[in-house]
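> Sequence:
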Amino acid sequence: MLKDEEIKKILAKINAGTATEDEKSLFLQWYRSWDDTQTNVDALGDVNTLHQSIWDKIEGKRKVRRWDSRRFVRIAAAFAIVAASSFAFFYYSSTNDKPLELSSAVKLGGDAFDHVTINTSVADFLDTSKYVNLKELDNGDKIGDISTGEAQFIKIQLPDGSKVSLNAGTKIHLADDFRTGQNRVVYLEGEAFFDVSKIAGRNFIVASKGQRVEVLGTKFNIKAYPNQKQIVTSLIEGSIRLQSGDAAEVLKPNDIAYNTAGNIAVKSEEVIPNIGWRQLNFEFDNEQVEEVLQQLGRWYGLKIVFKNRIPDLMISGKIPRGTELKDLQLILGNLTQAQYQLKDNVMQVKFNNN
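Number 247 in this note's numbering belongs to position 247 of the sequence shown; there are no gaps in the numbering.
If you are wondering where the hints come from, they were derived from the structure by calculation, not from laboratory data.
Small disclaimer: the values here were computed from a predicted structure and weren't measured.
Among the clues, some could well be false.
Said to hold, decoys possible - Within a straight-line C-alpha distance of at most 30 Å, the following computed DSSO-like cross-link-like pairs (lysine-lysine) qualify:
1. 163 x 142
2. 219 x 135
3. 171 x 229
4. 130 x 219
To be verified - Restraint ranges, calculated between C-beta atoms of paired labels, are given here:
5. 139 x 22: 52 to 58 Å
6. 253 x 325: 35 to 41 Å
7. 203 x 261: 22 to 28 Å
8. 150 x 128: 21 to 27 Å
9. 21 x 245: 26 to 32 Å
10. 343 x 203: 47 to 53 Å
11. 253 x 279: 18 to 24 Å
12. 309 x 247: 27 to 33 Å
Each residue gets a CB set at the ideal place from its N, CA and C atoms; glycine is no exception.
Start from the sequences and build out the full structure, keeping to the hints where you can.
This is the structure we're talking about:
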């Protein structure tokens, strides 16, 4: 763990624009280790003020700025722009506790069935002990497809006892012989977190576009949306074998595999990023601005339309679900130097100076 004085030196370089990639990475690892009680600052304030808030955090101070503008909810934020032309980092939280109603459509297999809608609450999704058990549903033995739409999430217990959490806009399909075959095969499109039950002699396989993950019993997350350039696989516990074409990698805990058209790159992290969605938070770790905004669309039921060329901007940070769209427009507009226009369910994005 970095000492406070080391963080100060790195932050000074960030402010001056002279930080190396390794120093930026160290800063992000340090920032992710914070608890979620952050310094209160105006999310649209100048960058120097926001940098100072982080410096104050290192010093152990708790400065508070409040404002009464009707345009803003109270925001607790620490926000730093690192090499602003290519990378941005932010933390944003809101006191908005507006309740959300979540639902997911579970499609039942078989000629006699179409689909059934299961209604689930935010509290149910966040409760680590609550899962929709397929075995307990009417005709649960015939369920082969489970899908979530925009702004929908669900947690399912499969017939073998394995547990799966589905992010918004995600589909999984159980192979016809999932319940009886030697291999338990699940096909994934979207993002899901798997907690696999170990059954001797019966491997668990997750297949997504151009990739297979084989496990016996473990916990891992796979992000494989159709419009993504990469498939991202993060291992929490156990061990998995990832194969894509002729390439194969065995992952150990805290490994993240980035699969780009069959080219697999693996890196290890002290803390696994990008799974904050399981607590209904946006969480990004050095991701392209296009993917960040597409995720926004999936969570809020929006079509994202880019009006000009998308810049090569990488973003890391956290935003809790439930944040109002008008506040997201403001903070993302400041972060990405873009104009956001919302009409009906279409968000138009135009980047400045591009």
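> If a hint holds in the structure, say so; if it doesn't, say that too.
Hint check:
{"no.": "1", "hint": "163 x 142", "in the structure": "18 Å, holds"}
{"no.": "2", "hint": "219 x 135", "in the structure": "22 Å, holds"}
{"no.": "3", "hint": "171 x 229", "in the structure": "18 Å, holds"}
{"no.": "4", "hint": "130 x 219", "in the structure": "17 Å, holds"}
{"no.": "5", "hint": "139 x 22: 52 to 58 Å", "in the structure": "55 Å, holds"}
{"no.": "6", "hint": "253 x 325: 35 to 41 Å", "in the structure": "37 Å, holds"}
{"no.": "7", "hint": "203 x 261: 22 to 28 Å", "in the structure": "26 Å, holds"}
{"no.": "8", "hint": "150 x 128: 21 to 27 Å", "in the structure": "25 Å, holds"}
{"no.": "9", "hint": "21 x 245: 26 to 32 Å", "in the structure": "29 Å, holds"}
{"no.": "10", "hint": "343 x 203: 47 to 53 Å", "in the structure": "49 Å, holds"}
{"no.": "11", "hint": "253 x 279: 18 to 24 Å", "in the structure": "20 Å, holds"}
{"no.": "12", "hint": "309 x 247: 27 to 33 Å", "in the structure": "32 Å, holds"}
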